[in-house]
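For the protein sequence lines, the chains are A and B, in the order given. Numbering-wise (this note's numbering), the first sequence opens with residue 30 and increments by one. Numbering-wise (this note's numbering), the second sequence opens with residue 198 and increments by one.
One or more of the hints may lead you astray.
To be verified - Rough simulated footprint, nothing fancy, chain A against chain B, three-plus residues with beta-carbon under 8 Å:
no. : segment
1   : 267-276
2   : 512-523
3   : 741-753
Said to hold, decoys possible - In silico lysine to aspartate or glutamate, EDC-like type, Cα no more than 20 Å apart, as pairs:
no. : chain 1 : residue 1 : chain 2 : residue 2
4   : A       : Lys-76    : B       : Glu-542
5   : A       : Lys-76    : A       : Asp-137
6   : A       : Lys-76    : B       : Glu-522
7   : B       : Lys-568   : B       : Glu-542
What the hints assert, rightly or not - Some chain A residues flagged as far from chain B (calculated, every beta-carbon gap over 12 Å):
no. : residue
8   : Asp-49
9   : Glu-62
10  : Pro-73
11  : Ser-84
12  : Leu-98
13  : Asp-110
14  : Asp-114
15  : Leu-122
16  : Leu-134
17  : Ala-173
18  : Glu-234
Honestly, the hints are just simulated from the structure, not real lab data. Treat the numbers as computed from the prediction; the structure is a model and nothing was measured. Glycine included, every Cβ here is placed at the ideal spot set by N, Cα and C.
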Amino acid sequence: MRLRLRYTKLGKVRFLSHRDLARVWERALRRAELPVASTQGFTPRPKLHFGLALSVGHESFAEYIDIDLDPERVGSFDLQDDGDDLRVRLSDLLPVGVDVDSIVLLADGEPSLQEIVTSCTWLLTFDRSAGELVARRSDELLAAPEIPVVRSRKGKEIAFDLRPNIVSLHMRHQADSSTLEAELGTQPRAVRPSELVAALSPDIEAVRVCRTAQWIAHDGDRREPVPSWVRTEVRTP
Amino acid sequence: MQGQGRSAATLADAMTSIWPQLEPLLNRVERPARYIGCEDGCVVPPHDPAHVAWLLVYPDAYEVGLPNQGLQILYEILNERDDAEAERAYAPWTDLEGLLRQHGLPLFSVDTHRPATEFDVIAFNLSAELVYTNVLNCIDLAGIAVRSAERGEGDALVLAGGHCTYNPEPLADFVDAFVLGDGEEVVGEINAVLARHRNPATGVTARPDVLADLARIDGVYVPALYEARFEDGALVGIAPTHPDAPATVEKRTIVDLAEFPYPRRQLVPLTEVVHDRLNVEVFRGCTRGCRFCQAGMITRPVRERPFDQVRDMVVEGLARTGYDEVALTSLSTADFSGVDRLVGEIMASPAASDRVSVSLPSLRVDAFTVKVAADIQKGRRTGLTFAPEAGTWRLRQVINKLIREEDLYSAVDAAFSQGWRRVKLYFLVGLPTETDEDTLGIAELAANCVAIGQRHQRGASVTVSVGGFVPKPFTPFQWFGQNTVAELQRKVNLLRDATRRMRGVQLKWHDPRATLVEGIMSRGDRRLGAVIESVWRRGGTFQEWSERFSLDLWLEAMAEAGLSVDWYAHRHRHEDEVFPWDHLSAGLHRDFLWQDWRDALDEVGLEDCRWTPCYDCGACTGYGLEHRVASAVPPAGGSQGTGQDLSSGAAVPVTLLARPATVAVPAGGPT
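Produce the entire structure from the sequences given, and follow the hints as far as they go.
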């Protein structure tokens with residue numbers, strides 16, 4: 030039995046690392062007394078599966094965790110009846126800024142988040158003064174047939190093309206800032222927002238980066254890893 | 198509680214906070230989670246102008262400072278008062294420090310990111326000598342002058358507590374008042390003085406009056422009210438210059454730990470820290486009498502926490518924090534009365550379920566202890582640590598660590614047979630009377646332990662960890678001249694050569710150069726203030742960190758100040774040496790310490806006075822206190838230090854002792 034939860038990572042806690050947040054989750058689940066399944070062996074660990082890592086400092090409205098429940102201890106837990114209570118209880122046990130907004134039961138054999146997520150939507154906030162540059166460069170990137178970049182990994186330089194994984198870019202200007210909404214592909218390798226910013230211009234820096242959605246391509250359309258009808262409130266970043 | 202924290206956080210954010218300026222900088226530093234606070238247990242006190250505002254600072258990195266229990270205890274006690282509020286700060290790492298200075302931002306609390314400039318008191322925990330330059334750096338980052346004499350009306354008061362305050366003289370120029378001993382009670386008395394002198398608009402005023410009133414509190418030492426006199430380059434005395442300052446400052450001792458079940462809400466950090474687990478203090482003080490151990494001398498007498506309270510604190514703490522590990526802390530936890538029954542009850546409690554492990558830091562070296570450890574470490578059995586401290590029985594009698602070889606071997610045999618794969622052994626080199634035979638005895642013990650282990654497991658290994666001995670104030674070894682860096686290194690090299698070809702033995706050692714600086718500070722006087730300031734001004738912060746430590750900075754500063762390293766660190770002291778801490782008291786009679794030093798040189802061991810007649814060290818009799826222990830007899834199977842039960846540890850008595858009422862140790866003359 031596997032649960033999938035969507036949660037936020039907003040505010041001060043965005044400076045936690047992926048690993049830090051994993052430990053926070055382990056403690057919160059123990060306190061919630063949820064019957065989480067454990068790995069076998071010398072050092073049993075709770076069976077938790079995190080989706081795509083979020084860089085330290087980035088915020089998110091759409092993080093996911095899959096939790097395996099121990100079938101022998103799951104007892105009378107019923108998502109229909111207990112799900113909302115669990116959602117509230119976990120949000121309370123998790124630090125400020127980490128709030129669970131939906132919980133679903135996964136069908137058996139549902140593939141892992143890392144396998145099925147195909148793209149993410151990001152909001153990148155820039156100083157208003159950089160707005161025109163970002164807008165112009167966004168158009169240029171979208172018009173380019175390819176965007177060759179080099180990424181160093183384990184000391185080796187690997188060249189790849191950024192363009193196929195830039196799904197869409199939309200610019201919005203506000204009074205004191207400019208926001209770029211970017212959908213970036215994750216397969217075979219996720220494009221990082223920082224790589225997009227570097228491709229836009231080496232001279233600018235995003236003031237804030239926030240993931241607003243993760244997407245699964247599905248029959249020419251896309252859906253979120255939890256059905257959108259589970260949402261308990263309308264979220265506006 | 199969490200819900201309250203949220204609304205309170207919003208409220209506090211609207212008040213003074215440097216978070217908006219800090220936030221963009223955190224994208225540019227390593228491990229930014231060090232600076233966000235948000236821990237479970239974090240208090241967001243309402244900023245009330247009528248409160249005395251305390252900033253409690255651990256002068257090292259967050260991951261080292263956060264677990265400090267002393268700081269957390271005071272944090273809770275102060276925040277429970279209705280005339281005080283307390284927040285926490287840790288030394289910002291060098292990358293953030295640079296950015297703070299570049300942007301003109303001060304040290305800040307992690308609780309509400311309130312600038313240090315808004316606090317009435319900046320109080321430091323001093324746990325190690327090598328953090329002294331960080332203390333200066335934090336005072337400077339708080340926007341006030343580092344030297345007390347240059348601070349004025351409206352500036353925060355700088356206080357310090359912790360074990361290093363038993364020789365506070367090296368920091369006498371920088372800290373306004375030091376607190377000796379247990380802080381639980383005295384912190385309230387200090388707060389009352391500050392509240393009396395505090396004006397809601399301008400903060401604590403009339404500094405000279407405040408300092409004089411602080412000096413009247415038992416356990417508080419105000420160095421500015423004392424004059425240190427030197428003749429021919431040596432200290433000849435430290436005496437009060439103010440009528441309110443006592444000639445001798447006595448340490449504070451809380452009588453009953455049961456009255457202070459703190460921390461009630463231990464902080465649970467969101468990012469990784471050292472000792473990241475629930476910690477419950479089971480007793481304070483130790484009378485094993487290890488002669489090198491300052492903690493054991495200055496925290497006497499032994500005061501056990503009641504059995505039921507320990508169990509409740511563990512069970513409630515596990516449920517509240519979600520931790521899967523709890524440490525029962527003290528200077529020798531296996532000596533806690535009924536420790537095996539305690540861990541049995543903890544393991545059987547629903548809060549522990551099957552996932553929780555209990556750890557006992559500072560294991561006693563005997564098979565009984567290993568049995569207890571085996572009962573509680575169901576899962577991971579990676580490493581077990583023992584501290585024989587010296588390589589031969591002769592030297593262990595000198596230091597009064599009365600572990601026989603068979604005790605160690607039976608403990609190690611029990612450990613490997615119970616499934617542990619690695620045993621770690623702690624030793625000191627540079628101990629008084631140490632010969633090369635003693636040093637090489639360490640290698641021999643290690644080799645024998647590996648051989649014992651290999652009877653049970655082919656991959657059995659022993660890690661030998663060697664530290665250089667630093668003589669400390671208020672110990673029998675305070676008269677001893679510390680080994681030089683070259684001598685310590687030579688001993689380490691002897692061991693390195695001896696263990697090089699030993700299969701299964703790994704040797705690790707502490708940098709003898711850092712040991713030297715600790716030694717200078719440990720028994721140093723006020724003149725070292727100039728040295729600390731000079732090292733700090735040249736960027737010598739985070740000296741506890743090997744990648745940041747620089748002996749050259751210290752040696753240059755000593756030379757500049759015209760001070761001799763030899764005189765401070767390596768010189769043997771005469772019986773009537775005037776120590777820089779002679780005007781302070783940990784309750785120990787100087788003639789007891791001197792006699793113990795003579796006994797050490799005569800290789801005479803002393804039994805633990807919890808279960809034998811009193812030696813009149815002074816810690817109980819001087820303060821009208823008694824040991825508070827639940828058991829009138831020494832713990833089963835333990836020979837270490839007691840001398841009473843020398844039956845071989847391999848046969849572990851498992852019958853439990855009933856818990857009698859608190860037993861008073863008769864206060865008599867020395868035996």
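Report task. Tell me, in ascending order, the numbers of any earlier hints that this structure violates. Result -> Of the numbered hints, 1, 3, 4, 8, 9, 10, 11, 15 and 18 do not hold.
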